[in-house]
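J.: Taking the hints into account, I'd like the entire structure generated from these sequences.
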Amino acid sequence: MMKHLHASVLKRTGMILGLVLMGGAVWQFGLRPSNAEAAQVVLPYDKAENVARGAELYAENCAVCHGAKLEGAPNWRQRDADGLLPAPPHDSSGHTWHHPDAILFAITKFGTEQVVGQGYQSNMPGFGDGLSDQDILDVLGYIKSTWPSRVIDTHNQINGS
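Sequential numbering of the sequence shown, starting at 1, is according to our numbering.
Incorrect hints may have been included.
What the hints assert, rightly or not - EDC-like mimics (lysine to aspartate or glutamate), calculated; alpha carbons at most 20 Å apart, straight line:
1. Lys47 <-> Asp80
2. Lys47 <-> Asp82
3. Lys109 <-> Asp133
4. Lys69 <-> Asp82
5. Lys47 <-> Asp129
6. Lys109 <-> Glu56
7. Lys47 <-> Glu113
Simulated from the structure, these hints should not be mistaken for lab results.
T.: Spelled out as structure tokens, the structure:
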């Protein structure tokens, strides 16, 4: 039992450390939007037209890795043979909703490696060359629209709204 508890604590500590490092890297490498820019990064999860468009874009660009139902890759918490983490779920079982809109936008636009920096490696590419900023917002709005209301409320609090 102690071994299981120890592994659980280590896993949680690692996830928290990863979130802190990601936030710090976003700040350090200038990828953190200014307050004015962050205020403009608002996911249109409550706008039917944007959500419908986001669902189409998600199916075309994201579902191959993150799953058609936002379920993520199997064993997404365990590194693969290359030492990389598989694509996490974007439903409420994952950690997407733990990040504010501005960070979700930066990760999607620039890719995880560029956002985290410091040699971090990831399979998550940046989509800024293929998707417009509005496309990215619509995809993220679609994802958020699928979360239960309690998760949406928590995410809104994370965003300070």
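J.: Next step is simple, just say for each hint if it's right about the structure.
T.: Here's how the hints hold up against the structure:
no.: 1; hint: Lys47 <-> Asp80; result: 37 Å, violated
no.: 2; hint: Lys47 <-> Asp82; result: 39 Å, violated
no.: 3; hint: Lys109 <-> Asp133; result: 8 Å, holds
no.: 4; hint: Lys69 <-> Asp82; result: 25 Å, violated
no.: 5; hint: Lys47 <-> Asp129; result: 25 Å, violated
no.: 6; hint: Lys109 <-> Glu56; result: 17 Å, holds
no.: 7; hint: Lys47 <-> Glu113; result: 31 Å, violated
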